[in-house]
Amino acid sequence: NAGVTQTPKFQVLKTGQSMTLQCAQDMNHEYMSWYRQDPGMGLRLIHYSVGAGITDQGEVPNGYNVSRSTTEDFPLRLLSAAPSQTSVYFCASSYSPGVPLHFGNGTRLTVT
Amino acid sequence: EDQVTQSPEALRLQEGESSSLNCSYTVSGLRGLFWYRQDPGKGPEFLFTLYSAGEEKEKERLKATLTKKESFLHITAPKPEDSATYLCAVMEYGNKLVFGAGTILRVKS
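Chains as they are written, first to last, in the numbering used here: chain A, 1 to 112; chain B, 1 to 109.
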């Protein structure tokens with residue numbers, strides 16, 4: 001069991017570039033979510049999905065898009081990168097929103 | 001505004017020196033409180049869930065307790081391998097999950 005797999009582990013972008021952060025889980029979890037982690041702040045929810053074809057916004061959705069075409073995959077797209085999006089991004093999954101999350105090991109993104 | 005505050009921000013202990021980490025919260029309706037451990041360069045790893053005041057959970061040298069306004073993570077006789085960032089998260093009605101900023105624990109041998 002690989003759990004939650006995130007790629008890439010590190011990424012550097014220039015302002016205005018776009019990219020997709022990949023997330024895949026092999027636990028057949030219905031609930032998947034994306035968080036960002038910044039120094040001195042708690043993890044903040046960007047977008048989440050309660051099942052294939054269903055997505056919704058979290059606390060800080062601006063500048064990000066998601067889609068959920070399969071149960072396993074939940075990619076996060078940055079439309080036009082900005083320095084404020086420099087952060088560590090975590091994908092997480094669980095059987096439902098009310099139970100503990102399984103996290104991936106993160107993608108460290110730097111926007112210059 | 002819903003808030004989760006963890007204290008202290010950082011804690012340095014000698015091996016064997018017991019202590020406690022605090023997580024205080026103000027949310028409109030508590031559905032559960034989660035503790036996670038995060039090692040450098042890794043994602044958070046689940047430790048405990050607490051659902052109601054008075055509940056306690058234990059795992060090795062860690063014990064989590066819950067009151068109506070706060071939770072404590074007690075670390076008994078810590079070892080260097082307990083060094084990590086400990087995160088607290090509170091789930092309120094509507095399944096909204098709010099994370100604290102974490103406590104960085106360093107245990108020196």
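Hints may contain errors.
[What the hints assert, rightly or not] In silico DMTMM-like pairs for lysine to aspartate or glutamate, Cα to Cα no more than 20 Å straight-line:
| no. | chain 1 | residue 1 | chain 2 | residue 2 |
| --- | --- | --- | --- | --- |
| 1 | B | Lys-96 | A | Asp-26 |
| 2 | B | Lys-79 | B | Glu-17 |
| 3 | A | Lys-9 | A | Asp-73 |
| 4 | B | Lys-42 | A | Asp-56 |
| 5 | B | Lys-59 | A | Glu-59 |
| 6 | B | Lys-108 | B | Glu-81 |
| 7 | B | Lys-42 | A | Asp-38 |
| 8 | A | Lys-9 | B | Glu-45 |
[Stated by the list, open to error] Here are some, though not all, of the chain A residues that point toward chain B, as calculated from beta-carbon distances under 7 Å:
| no. | residue |
| --- | --- |
| 9 | Gly-3 |
| 10 | Phe-90 |
| 11 | Pro-97 |
| 12 | Gly-104 |
| 13 | Gly-106 |
Because the hints were derived from the structure by calculation, they are not lab data.
These numbers were taken from a predicted model, which means no experiment stands behind them.
For every residue, glycine included, the Cβ atom is placed at its ideal position computed from N, Cα and C.
Structure-based check of each hint:
1. Lys-96/B with Asp-26/A: Answer violated: Lys-96/B to Asp-26/A is near 24 Å, above 20 Å.
2. Lys-79/B with Glu-17/B: holds, 9 Å
3. Lys-9/A with Asp-73/A: Holds, at about 17 Å.
4. Lys-42/B with Asp-56/A: Measuring from Cα to Cα gives roughly 26 Å; hence the hint is violated.
5. Lys-59/B with Glu-59/A: violated, 32 Å
6. Lys-108/B with Glu-81/B: It holds: about 9 Å lies between the C-alpha atoms, which stays within 20 Å.
7. Lys-42/B with Asp-38/A: With Cα atoms ~14 Å apart, Lys-42/B and Asp-38/A stay inside 20 Å; holds.
8. Lys-9/A with Glu-45/B: holds, 18 Å
9. Gly-3: violated, 9 Å
10. Phe-90: holds, 5 Å
11. Pro-97: Because about 4 Å separates Pro-97/A from the closest Cβ in chain B, which is inside the 7 Å limit, the hint holds.
12. Gly-104: holds, 5 Å
13. Gly-106: holds, 6 Å
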